[in-house]
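Model the full structure from these sequences, guided by the hints.
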Amino acid sequence: MLAFTGLMSACSKDDPVPQDGPLTPDSPEGREAVTIPDEFLCSYLLKYFDLDRNGELSRYEASLVVRIDCPGNIVFGGKDYMCDATGIEACTNLHYLNLSGNDLTKLDVSNNKLLDTLDCSMNYNLKSLDISQNKNLLQLHCYACSLEIERWDLSANPELKDLRIGGDGFYSFSTISVLDCSNNHKLESLMAGQSQMSELYLDCPELNLVDLELNNLSSLDFSNCTKLTTLNIAQNKITHLDLQCPDLDLLRCESNNLTALDVSNCPKLNVLYCNDNQLQELDLTNNKEIEYLHVSNNKIQNLDLTNLTILHELDCSNIEITNLHLNSPELTQLICTNCNLQKLEFLNVPNLSAIECQNNNLQSLDLSNLPALYLLKCYENQLETIDVSNNPELRGFFCNPMESLKTIYLNEGQDQLLRAFEKPEAAEVVYK
Numbered sequence: 001m002l003a004f005t006g007l008m009s010a011c012s013k014d015d016p017v018p019q020d021g022p023l024t025p026d027s028p029e030g031r032e033a034v035t036i037p038d039e040f041l042c043s044y045l046l047k048y049f050d051l052d053r054n055g056e057l058s059r060y061e062a063s064l065v066v067r068i069d070c071p072g073n074i075v076f077g078g079k080d081y082m083c084d085a086t087g088i089e090a091c092t093n094l095h096y097l098n099l100s101g102n103d104l105t106k107l108d109v110s111n112n113k114l115l116d117t118l119d120c121s122m123n124y125n126l127k128s129l130d131i132s133q134n135k136n137l138l139q140l141h142c143y144a145c146s147l148e149i150e151r152w153d154l155s156a157n158p159e160l161k162d163l164r165i166g167g168d169g170f171y172s173f174s175t176i177s178v179l180d181c182s183n184n185h186k187l188e189s190l191m192a193g194q195s196q197m198s199e200l201y202l203d204c205p206e207l208n209l210v211d212l213e214l215n216n217l218s219s220l221d222f223s224n225c226t227k228l229t230t231l232n233i234a235q236n237k238i239t240h241l242d243l244q245c246p247d248l249d250l251l252r253c254e255s256n257n258l259t260a261l262d263v264s265n266c267p268k269l270n271v272l273y274c275n276d277n278q279l280q281e282l283d284l285t286n287n288k289e290i291e292y293l294h295v296s297n298n299k300i301q302n303l304d305l306t307n308l309t310i311l312h313e314l315d316c317s318n319i320e321i322t323n324l325h326l327n328s329p330e331l332t333q334l335i336c337t338n339c340n341l342q343k344l345e346f347l348n349v350p351n352l353s354a355i356e357c358q359n360n361n362l363q364s365l366d367l368s369n370l371p372a373l374y375l376l377k378c379y380e381n382q383l384e385t386i387d388v389s390n391n392p393e394l395r396g397f398f399c400n401p402m403e404s405l406k407t408i409y410l411n412e413g414q415d416q417l418l419r420a421f422e423k424p425e426a427a428e429v430v431y432k
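The opening position of the sequence shown corresponds to residue 1 in my numbering, with each subsequent residue numbered one higher.
No lab work stands behind these hints, which were simulated from the structure alone. A portion of the hints provided could be inaccurate.
What the hints assert, rightly or not - Cut-off 27 Å, straight-line C-alpha distance, at most; resulting in silico cross-link-like pairs (DSS-like, lysine-lysine):
1) K237 <-> K135
2) K186 <-> K227
3) K268 <-> K343
4) K227 <-> K268
5) K79 <-> K127
6) K135 <-> K106
7) K377 <-> K299
8) K135 <-> K227
9) K237 <-> K268
10) K227 <-> K288
11) K186 <-> K135
12) K79 <-> K135
13) K161 <-> K135
14) K377 <-> K406
15) K113 <-> K161
Printed below as a string of structure tokens:
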């Protein structure tokens with residue numbers, strides 16, 4: 001402990017007034033010690049950059065630093081973290097700075113003009129961040145902070161390619177209402193979930209990854225973002241979405257106020273979650289590549305899936321369809337609860353392993369072509385007979401209550417299915 005105290009005193013000299021010209025190790029300016037009041041940061045800088053091992057960081061030594069990787073562990077309840085980044089400004093040739101997981105309240109990197117990578121994420125009390133002089137910045141991660149920036153214009157960072165702000169899934173205290181990236185034409189990745197954002201301005205033709213989940217956005221314009229491959233705008237207030245994204249692979253727009261959704265110009269779409277909206281129709285004619293589709297909790301009355309031949313997972317619960325025709329031999333999971341289904345056919349779905357079709361108006365259910373069926377939920381229907389004798393893999397059989405049921409067909413090895421099944425008194429069990 002005494003040795004460390006000695007180091008700290010050596011790092012506590014006053015900073016000199018910056019001089020013109022390059023610093024040298026023997027010049028008076030170059031020999032001046034940098035003020036580093038924080039013990040954690042001082043220990044790190046002396047360990048890696050005190051070249052002459054004299055217990056202090058000179059301005060010349062600081063000028064040689066190009067990379068600082070000094071994350072704290074406050075996120076995990078540890079005691080190794082910094083509260084003050086004073087001293088970083090002396091590292092005038094710094095390119096990479098990682099101070100994530102510390103306890104900073106402010107960070108000024110305006111003197112680090114060569115900085116291209118900055119990670120100050122998970123500094124939960126960080127309220128002030130000055131990057132106005134960092135025109136070379138390529139990557140900025142400052143999520144899970146408490147930034148008090150109501151309108152953030154990133155025009156001063158024209159080279160920015162990777163931006164991550166907002167929350168981390170657990171914490172989000174930022175008050176960024178408006179984000180202006182209209183001059184960040186090189187931006188490729190924007191992750192700004194849990195930002196409380198209500199306005200976003202984009203002119204980013206290179207953008208391919210966008211995550212805006214859990215914001216207050218009511219409108220978005222992606223007309224100039226034709227390279228998008230991943231788009232997550234779930235849990236906002238968006239009413240209309242028109243995408244011209246030929247390479248879009250994943251679209252999450254669930255839990256919005258969408259009344260219309262046009263994905264006809266997204267032929268490579270593989271994952272579509274548009275559940276919990278106000279959609280009355282959904283045209284998927286041009287989306288043959290969809291494998292995962294969630295459209296539940298909408299007002300859709302007709303759902304044509306005949307074109308989706310590689311569909312793996314479908315959730316169409318709580319919509320207003322009466323019939324469902326499937327032509328997806330790769331389908332493994334079907335959830336179609338609380339619809340008005342009167343007919344459900346399984347003609348070309350041999351890999352289907354899980355069916356949840358409870359709370360419908362089904363009077364018949366042919367399961368004979370489903371050898372892989374493992375889970376079946378079909379209660380609250382009008383079924384009079386149910387035959388699972390051709391479903392040897394069936395383990396989960398949930399059919400209570402089903403008062404209309406008269407006959408259950410099983411094979412000799414399926415007695416265990418009856419243990420959790422309360423069959424009506426008049427129902428007969430027939431073994432095949």
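Hints versus structure:
{"no.": "1", "hint": "K237 <-> K135", "verdict": "violated, 33 Å"}
{"no.": "2", "hint": "K186 <-> K227", "verdict": "holds, 12 Å"}
{"no.": "3", "hint": "K268 <-> K343", "verdict": "violated, 31 Å"}
{"no.": "4", "hint": "K227 <-> K268", "verdict": "holds, 12 Å"}
{"no.": "5", "hint": "K79 <-> K127", "verdict": "holds, 21 Å"}
{"no.": "6", "hint": "K135 <-> K106", "verdict": "holds, 20 Å"}
{"no.": "7", "hint": "K377 <-> K299", "verdict": "holds, 23 Å"}
{"no.": "8", "hint": "K135 <-> K227", "verdict": "holds, 24 Å"}
{"no.": "9", "hint": "K237 <-> K268", "verdict": "holds, 26 Å"}
{"no.": "10", "hint": "K227 <-> K288", "verdict": "holds, 19 Å"}
{"no.": "11", "hint": "K186 <-> K135", "verdict": "holds, 13 Å"}
{"no.": "12", "hint": "K79 <-> K135", "verdict": "violated, 34 Å"}
{"no.": "13", "hint": "K161 <-> K135", "verdict": "holds, 12 Å"}
{"no.": "14", "hint": "K377 <-> K406", "verdict": "holds, 17 Å"}
{"no.": "15", "hint": "K113 <-> K161", "verdict": "holds, 17 Å"}
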